[in-house]
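Asker: All chains should be built: construct the whole structure from the sequences, respecting the hints.
Just so you know, the protein sequences line up as chains E and X, in that order.
Residue 77 is where the first sequence starts when you use my numbering, and the numbers rise one by one after that.
Residue 70 is where the second sequence starts when you use my numbering, and the numbers rise one by one after that.
Hints may be right or wrong, so weigh each one.
Examples of chain X residues lying across from chain E (beta carbon under 8 Å, computed) [what the hints assert, rightly or not]: (1) G192; (2) G227; (3) Q232; (4) G253; (5) E257; (6) P320; (7) F388; (8) Q411; (9) R415; (10) R470.
A few chain X positions that, by computed beta-carbon distances, are all more than 10 Å from chain E [what the hints assert, rightly or not]: (11) I100; (12) R183; (13) I236; (14) R285; (15) G368; (16) E402; (17) P421; (18) D448; (19) K454; (20) T469.
Hints were generated in silico from the structure; no laboratory data involved.
For clarity, every value in this text was computed on a predicted model and none was experimentally measured.
Quick reminder that beta carbons are idealized off the backbone N, C-alpha and C, glycines included.
Residues per chain are reported as follows:
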Amino acid sequence: MKTQVLIIGGGITGTGLARDLALRGVPCILVEQRDIVAGASGGNHGLLHSGGRYVASDAEAAEECREEGSLLKRLAPHCIEETQGLFVAVPGDDETYIADFPDLCARSRIPAEPVDTDTAMELEPALTPDLIAAYAAEDASVDPFKLALDNIADACRLGAVFVPHIQAVSFESEKKRVLSVRLRNRITGETLSVEPDQVVNAAGAWAGMVANLAGLHLDVVCSKGTLLVTQSRITRRVINRLRKPGDGDILVPGGTVSILGTTSVRVDTPDGCRPTIREVDRIIEEGAAMVPVLADTRYIRAYAGVRPLIGSSGGDDRKVSRGFALLDHAAEGLENFITIAGGKLTTYRLMAEKTADLVCEKLKVSEPCRTRTEPLPPSDTGRWTQPGLAPREWLRSGRNDDLLLCECEMVSRDVVDRIIQSIRDQGGQPTLRAVGLRSRIGKGPCQGGFCSARIAAYMYDIDAVTGNSGLKGLRDFLRERWRGKRPVLWDLAMEQAELQEALHCGLFGLEQ
Amino acid sequence: MKGETRTCDLLIIGTGMAGMAAALFAAKKGITTIQMGLPGEINFASGLLDLMAVHPLGENRPWKNPWACIQALVRDEPVHPYGRIAPEDIRAAFSEITEFLAAFGLPYAGYGSRNVQLLTPAGTVKTTYRVPLSMWKGVEAWRDKPACLLVDFKGMKGFSARQITEIQKPDWPGLRSARIALPGFKGEAYPVTMARALESPDTGTALVEAVKPHLRGESVIGFPAFLGFEDTARLIAFLETELGAQVFEIPTMPPSLGGLRLQRAFEKGLPTLGVQALYQKQVRGVERLASGDFRFESGGADLDTLVRAKGAVLATGRFFGKGLHAGRTGIRETVFGLPVRQPESRTEWHYPDFLSPEGHPVNRAGLETDEWFRPLGKDGTPAYKNLFAAGSILAHQDWTRMKCGSGLAVATAFKAVTGFLSGG
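Answerer: Here it is in structure tokens:
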């Protein structure tokens, strides 16, 4: 199979790049070893940074955040909730940092208005009464799942091809060029070769492994960050701790929940990363210093993502900023191989633009970037990740024959049908995990304990799964949800977990 | 003083299987018994009565003979609650329960001393000891693999006859599935509503007419456990006559008719034996009197009640039953504040794999007791000479993986009541 561009990695960067290239009329294939945003793109706060967090450490990144944040608010408003943000300091926080903050913000042209502590408490009653400083900033929350799904849906509409569960297994190179890349379907085991004019390594924390396949060395340091999801929304605004970035210092509201994080723990490999109980306890302690109720509130899940930190050794380092790295590997002997890594969710569009510029330069395509002006169209695939949408549609339809399969998040049979159809339209395999990724299923208080079995049964009914595959899908889904549940099992969550074990092990015997 | 004061010999705290069994054994021995606790947990029971099937955990080989399995378990893990009960007492307790349930409309069946296997709603096969009689022909069908039709209903959630046949077809080629719609039923098919509706002769006839066109000469037909609430036997007999085939029920996801029928049988039967059931009350506090008796404070929707009891059986269950409470820093017992044997820290409660066949360490957390199931205090001796514990709150067992839940509940309740009678 031939294509102009092969993109490896279906995170937010890869999907954004596919859309950017598609808008320029450049055909591409995007392959992903698991599913969309399975890595750090789906394992972060979902914070659209105002830039305030980086003013002291990285002014360039701060400015990129400011610029890209306001662009995305205009171009992809359906993925963003304009919550606004507060930077707050508590006794013991570095007073020099607090004092320097307004000037640093001004230098990077990042709006930050001082707010007196009483007003801050009125705006956000959950804040600690011990506040010593507060600034209002333009932070917002963004749904990374929806953003990636919409990017890929638009790219596919324009002719790009997306294939999940595909892993690059080997490269064939000759005369300074990658001739072909061998790909393996991780579900069926089938392999095929693609002969691309250009290869883009957008594999995130896996970028070092992909570079290795091409015979190159890339220093990737993996830093795990763990986050917690609360059962209910704690604040209206994003709350940032006004200090040098550290553990447990950002609380981001998203729909009906809040997300608290994060940590930074070096790990050897991005595979199998999990949130740990110690990290969870640490995040809660730190978070409670800003928002005391975080010590007692109910958490429904923890999750972790791995940030790739790219070293600059080797290769023609065309580092665009300290925020992300765009590497042209021509100097190391491969003219048609590029790596894009690092960066932030907020700056994904800019990263995609710079990468597409380089790809187009190499392909001698002169089409300009359009993602800076062209709004991101909402897609049917992306819309079901939004909390509250499925219930509204269900109530509006008034159909009494459309059963709610997920009762916590009110996801109906009809929504599951549409998600399965969209997975098939993109050439994917409908599994319980794939359906869960594209909806709120398993994300409510029961964390998939009951709806998983109901949806598995329904998937058999409509022939979406056959033989043992649905049962395997159920086990996979339960194991995946467990990674996030295990660190937050106390109070009600422990009761739910026990009931779930009685069902899935006691009755179904799925452990056997 | 609000409410009333009642006195009894023995207060049973809890309305799960262990509490129900303890109330039954106590009442039958002529002990003045009050049972207290919010109803609920038993609704989540499957209706299957497990005794013992898997040992050692991790090997995942269900034993055919539960008694041999118990023997092996007690040899390897003498601290398991079964290690404190004579096998003949376990047998006697189990028989007493099944006889009682049969007398109140819920007969059970099994293979003498052996375990049975039957289909679950997930399409897997479960090993258990006794099944409701309405499920018995399903046990035989699974064993003999005749031509068999599995029927489900439009509007049901969490039950797919097609799922079961898809998973079982390599071993059971004669298994087929069919989905039927009952005239007049729209939207979601709720278990209790369906079961109640099917008790009316018209709906029963409609069911026969709906199933007939799908039959291809099958000699056995399986339905989800919806076949009547109170009078399942009559409905099954009717269906067997009209359809010319044997009929059985398959358990459904909880809360299911399996659990509701158990609850109904106990709630009907226990008062006839003299048990005073306070099912809308929850123990809120306890005081030890100078005489050694307990005085329990209870509350519910209405006025508080005080209960003065010569002894008590703590059958409050684990986390779901609220007998134990898991906090971020540890596990505590909720009524008496008894010491709970538990892993050193939360990091050791669970394994990274939810489906770990070895069973999570926290599953073995619970109350340590003496040989009469009297919970131990901090000093390692019984906390009170007249307080006993029964069921899943006990330490050193993992009932979901060992498949010993009902047996554990019933046998420990039996021993606890015997202990109370013998004066501890």
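Asker: Each hint: holds or not?
Answerer: Tested hints:
For G192(X), the shortest C-beta to C-beta distance to chain E is roughly 6 Å, which falls under 8 Å, so the interface hint holds. With its C-beta approaching chain E no nearer than about 4 Å, G227(X) sits inside the 8 Å limit, and its interface hint holds. For Q232(X), the shortest C-beta to C-beta distance to chain E is roughly 4 Å, which falls under 8 Å, so the interface hint holds. Hint status for G253(X): violated, given a least beta-carbon distance of 13 Å to chain E, over 8 Å.
For the restraint placing E257(X) at the interface with chain E, the shortest Cβ-Cβ distance is roughly 5 Å, inside the 8 Å limit, so the hint holds. Checking P320(X) against chain E by beta carbon gives a least distance of about 7 Å; that is within 8 Å, so the hint holds. Given the 8 Å rule on beta carbons, the hint for F388(X) holds: about 5 Å separates it from the nearest Cβ of chain E. At about 12 Å, the closest approach between the beta carbon of Q411(X) and any beta carbon in chain E exceeds 8 Å, and the interface hint on this residue is violated.
Given hint, R415(X) at the interface with chain E, holds; its Cβ is 5 Å from that chain's nearest Cβ, closer than 8 Å. Satisfaction of the interface hint for R470(X) is found here, the shortest Cβ-Cβ separation to chain E being roughly 6 Å, below the 8 Å cut-off. No Cβ of chain E comes within 10 Å of the Cβ of I100(X); the nearest lies about 30 Å off, and the non-interface call holds. No beta-carbon of chain E comes within 10 Å of the beta-carbon of R183(X); the shortest separation is about 18 Å.
Taking the minimum C-beta to C-beta distance to chain E, about 6 Å, the non-interface status of I236(X) is violated against the 10 Å cut. Residue placement check: R285(X) keeps its beta carbon more than 10 Å from all beta carbons of chain E (closest about 20 Å). Residue placement check: G368(X) keeps its beta carbon more than 10 Å from all beta carbons of chain E (closest about 20 Å). Every CB of chain E lies more than 10 Å from the CB of E402(X), the least distance being 14 Å, so the non-interface label holds.
Not every C-beta of chain E lies more than 10 Å from that of P421(X), the closest at about 7 Å, which undercuts listing it as non-interface. Its beta-carbon lying about 28 Å from the closest one in chain E, D448(X) satisfies the requirement of being farther than 10 Å from that chain. Against chain E, the non-interface label of K454(X) holds: every CB pair exceeds 10 Å, the least being about 31 Å. Annotated as non-interface, T469(X) brings its C-beta within 10 Å of a C-beta of chain E; the closest such distance is 4 Å.
In this structure, the earlier hints numbered 4, 8, 13, 17, 20 are contradicted, and the remaining ones agree with it.
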